[in-house]
Amino acid sequence: MTAFDVIQAIVIGIVVLLAAVTAFRKLLPKTATRVQARLSAALNAPARSAWMRALGLRMQPKAATGSCGDGCGSCGSCGPKPVGNQPDVQPLHFRPRARP
Amino acid sequence: MSEAVLRIALVGNPNCGKTALFNQLTGGRQKVANYAGVTVERKEGRFVAPSGRSFQLLDLPGAYSFAATSPDEAITRDVCLGRYPGEAAPDLIVCVADATNLRLHLRFVLEVRQLGRPVVLALNMMDAAKRRGIVIDVDELQRRLGVPVVQTVAVQRGGAKALIERVDGDVPEAAPSDPVPLTPAQMHAQVRELLTATVTMPRETAAVDDALDRWALHPVMGMVILAGLMFFIFQAVFSWAKPVMDGIQAGITWLGAWSTGFLPAGSALHSLLNDGVFAGLGAVLVFLPQILILFFFILVLEESGYLPRAAFLLDRTMFKAGLTGRAFIPLLSSFACAIPGIMATRSINDPRDRLTTIMVAPLMTCSARLPVYTLLIAAFIPARVVGGVFNLQGIVLFVLYFAGIFSALAVAWVIKRMRRDKSEHALIMELPSYRVPHARDIALGLWERSKIFLRRVGGIILALTVLLWFLASFPGPPANATLPAIDYSLAGRIGHLLHYIFAPIGFNWQICVALVPGLAAREVAVASLGTVYAMSGGEDAVASQLGTLISHQWSLATALSLLAWYVFAPQCMSTLAVIRRETNSWRNVAIAAGYLFGLAYLASFATYQIASALS
Numbered sequence: 001m002t003a004f005d006v007i008q009a010i011v012i013g014i015v016v017l018l019a020a021v022t023a024f025r026k027l028l029p030k031t032a033t034r035v036q037a038r039l040s041a042a043l044n045a046p047a048r049s050a051w052m053r054a055l056g057l058r059m060q061p062k063a064a065t066g067s068c069g070d071g072c073g074s075c076g077s078c079g080p081k082p083v084g085n086q087p088d089v090q091p092l093h094f095r096p097r098a099r100p
Numbered sequence: 001m002s003e004a005v006l007r008i009a010l011v012g013n014p015n016c017g018k019t020a021l022f023n024q025l026t027g028g029r030q031k032v033a034n035y036a037g038v039t040v041e042r043k044e045g046r047f048v049a050p051s052g053r054s055f056q057l058l059d060l061p062g063a064y065s066f067a068a069t070s071p072d073e074a075i076t077r078d079v080c081l082g083r084y085p086g087e088a089a090p091d092l093i094v095c096v097a098d099a100t101n102l103r104l105h106l107r108f109v110l111e112v113r114q115l116g117r118p119v120v121l122a123l124n125m126m127d128a129a130k131r132r133g134i135v136i137d138v139d140e141l142q143r144r145l146g147v148p149v150v151q152t153v154a155v156q157r158g159g160a161k162a163l164i165e166r167v168d169g170d171v172p173e174a175a176p177s178d179p180v181p182l183t184p185a186q187m188h189a190q191v192r193e194l195l196t197a198t199v200t201m202p203r204e205t206a207a208v209d210d211a212l213d214r215w216a217l218h219p220v221m222g223m224v225i226l227a228g229l230m231f232f233i234f235q236a237v238f239s240w241a242k243p244v245m246d247g248i249q250a251g252i253t254w255l256g257a258w259s260t261g262f263l264p265a266g267s268a269l270h271s272l273l274n275d276g277v278f279a280g281l282g283a284v285l286v287f288l289p290q291i292l293i294l295f296f297f298i299l300v301l302e303e304s305g306y307l308p309r310a311a312f313l314l315d316r317t318m319f320k321a322g323l324t325g326r327a328f329i330p331l332l333s334s335f336a337c338a339i340p341g342i343m344a345t346r347s348i349n350d351p352r353d354r355l356t357t358i359m360v361a362p363l364m365t366c367s368a369r370l371p372v373y374t375l376l377i378a379a380f381i382p383a384r385v386v387g388g389v390f391n392l393q394g395i396v397l398f399v400l401y402f403a404g405i406f407s408a409l410a411v412a413w414v415i416k417r418m419r420r421d422k423s424e425h426a427l428i429m430e431l432p433s434y435r436v437p438h439a440r441d442i443a444l445g446l447w448e449r450s451k452i453f454l455r456r457v458g459g460i461i462l463a464l465t466v467l468l469w470f471l472a473s474f475p476g477p478p479a480n481a482t483l484p485a486i487d488y489s490l491a492g493r494i495g496h497l498l499h500y501i502f503a504p505i506g507f508n509w510q511i512c513v514a515l516v517p518g519l520a521a522r523e524v525a526v527a528s529l530g531t532v533y534a535m536s537g538g539e540d541a542v543a544s545q546l547g548t549l550i551s552h553q554w555s556l557a558t559a560l561s562l563l564a565w566y567v568f569a570p571q572c573m574s575t576l577a578v579i580r581r582e583t584n585s586w587r588n589v590a591i592a593a594g595y596l597f598g599l600a601y602l603a604s605f606a607t608y609q610i611a612s613a614l615s
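Chains S and C supply the protein sequences, listed in that same order.
Okay, so the first sequence: first residue is 1 according to this note's numbering, each after it adds one.
Okay, so the second sequence: first residue is 1 according to this note's numbering, each after it adds one.
Hints should not be assumed to be uniformly reliable.
[What the hints assert, rightly or not] Example chain C residues on the side facing chain S (calculated, C-beta under 8 angstroms, incomplete): (1) 269; (2) 272; (3) 384.
[Claimed, not checked] A few chain C residues facing chain S, derived, Cβ under 8 angstroms: (4) 138; (5) 142; (6) 239; (7) 268; (8) 354; (9) 459; (10) 463; (11) 466; (12) 467; (13) 470; (14) 576; (15) 581; (16) 583.
[To be verified] Using 30 angstroms as the maximum straight-line C-alpha spacing, the simulated BS3-like pairs for lysine-lysine come out as follows: (17) C:416 - S:62; (18) C:451 - S:30; (19) C:320 - C:416; (20) C:451 - S:62.
If you're looking for bench data, these hints aren't it; they were derived computationally from the structure.
As the structure is a prediction and not an experimental result, all values here were calculated from the model.
Where a beta carbon is used, it is the ideal one built from N, C-alpha and C, also for glycine.
Construct the entire structure; sequences and hints are all you get.
The following block contains the structure:
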């Protein structure tokens with residue numbers, strides 16, 4: 001195996017890993033945030049070494065609601081994240097009709 | 001001690017310029033348009049006055065009254081009354097009113113004043129009022145209302161200066177409220193009284209509007225103008241974009257050759273860059289000019305005030321199909337992207353009408369379909385001139401857009417038949433004054449669209465293209481391989497497996513492979529086709545040759561079948577996620593995905609079989 005082959009394998013490995021993480025975060029933002037929070041908590045445990053704890057801290061997700069907040073501009077663009085405790089959503093509510 | 005940040009809420013009737021004022025004050029770039037119902041969410045921003053004082057600004061959806069009838073109006077009511085979860089009532093309410101239409105807007109001003117909170121009235125669009133010869137005695141209006149009144153022009157630089165100066169001063173005292181709440185009739189009487197005392201209007205409507213509306217709202221001529229406009233837009237998408245598209249293609253080809261030149265040919269890294277990144281992304285990137293041309297027309301129509309007129313013209317058809325007139329704006333927004341369109345259904349008060357609109361919104365032709373449509377049209381439909389003026393490719397694009405609209409109406413009609421509740425809601429919609437679109441706003445809108453598109457290309461599309469390249473490269477072919485390497489890869493095997501399902505509708509295994517990452521977003525399918533064909537055939541500059549390549553390898557029946565598939569298939573996970581959020585139900589997501597995929601398969605099957613039989 002030549003040096004080029006080694007470098008090539010490393011570069012491709014990193015690029016594919018980054019692509020997988022990006023796709024995961026974009027397509028499943030809430031799951032990605034949950035996984036990130038768990039991973040961060042596991043690394044940031046008191047028994048871990050200093051560098052692992054620092055890495056855990058850095059990995060802590062910035063927002064608990066997902067990658068983009070709950071505001072939505074269009075697919076591919078995020079709107080502003082609402083400030084209230086409740087997300088700014090107005091889901092449908094159906095009331096059963098009164099029986100005659 | 002630092003001074004507390006003052007919280008200001010912008011409220012007012014729809015289309016009075018709240019969001020334009022919000023953008024002016026905060027430097028934000030929230031969407032503005034010349035029709036009611038653009039803002040359905042609460043937006044938040046900050047600005048610092050010249051004195052150095054900070055303000056938190058809330059832009060709320062437009063409301064005609066605090067007796068909210070739709071979910072977006074309920075947000076405004078709840079925020080103003082301090083009932084919004086986790087949020088106190090604002091310190092100051094800036095009530096924005098259209099100075100050219102005070103007869104309607106002052107009624108809501110009286111309701112806001114009734115809250116007994118500090119209120120400032122911003123008379124917006126004062127430039128338009130002056131042009132129409134409307135004279136407002138601002139001091140008298142201020143005295144009679146008992147709240148400060150300022151004049152603004154939200155679309156002009158510095159047009160909010162008076163408002164900034166007023167809010168930067170002392171917080172006004174609580175507005176005087178009547179001890180007994182006024183009845184609607186009393187409010188109307190009070191508005192009439194205020195108008196008589198403070199406003200002089202040469203005529204109730206603008207002369208230009210009346211003259212234009214005689215044509216634009218004519219039952220026959222209006223429809224002819226609407227059809228002509230749409231036809232012209234799709235012609236322009238094909239005719240005007242060509243030179244820029246050729247330039248982008250040449251640039252990508254050059255960049256691909258230059259950046260892979262130093263890598264050994266046949267190496268995995270060379271393949272990643274050439275077959276993955278450049279073949280995949282290049283295939284999508286060339287459609288940017290066409291997307292921008294389409295959005296240029298959408299933005300111009302939005303700003304001009306023509307779109308509500310189109311809603312008026314189409315109301316009868318929509319009504320017969322079982323859609324409420326208020327569904328027009330959400331469906332129109334879905335032409336850009338189904339997500340804001342589905343969110344805009346919050347302006348529909350009847351939950352069943354809202355659900356019907358959500359269900360049919362994905363059928364509107366969003367801009368993500370454009371790369372797929374134009375790739376196939378350019379490859380299979382000759383660029384022939386029909387009738388001496390029309391481009392055949394533009395006509396086919398027009399038909400595809402029309403097919404989306406027609407199927408949405410048909411599905412809404414079926415839903416109407418299935419509904420037990422037969423209540424009907426008439427369209428009540430304000431027709432705004434016509435306005436000459438601002439070049440700056442159009443330029444900013446196009447810039448935003450370019451950024452969204454490029455972010456998607458550099459984000460999700462790049463990520464999925466790289467993953468597809470990986471799946472199409474590994475595992476490698478066996479030593480005695482006779483077929484291209486991709487046939488032995490994981491992606492190749494998935495494609496061959498899916499081919500059993502899609503063979504009856506004419507899709508080859510390469511299309512099947514592209515459909516899988518294309519589930520995330522429609523344009524990804526184009527990038528994926530670029531990558532799959534680059535890896536199957538060893539084409540060096542597939543980014544610029546994808547159209548030529550598929551025109552040689554696919555039959556016309558296959559191409560038409562794929563076009564039919566994309567008219568219906570819900571190949572967008574974000575849309576399904578928003579349906580889940582807005583309906584609070586996985587069942588509705590399953591119904592939407594199920595019927596759309598079902599229709600897509602049926603339409604493609606019929607198209608393929610008929611086209612094959614005829615050819």
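Enumerated hints in conflict with the structure, sorted upward: Going through the list in order, the structure violates hints 3, 4, 5, 6, 14 and 17 and respects the others.
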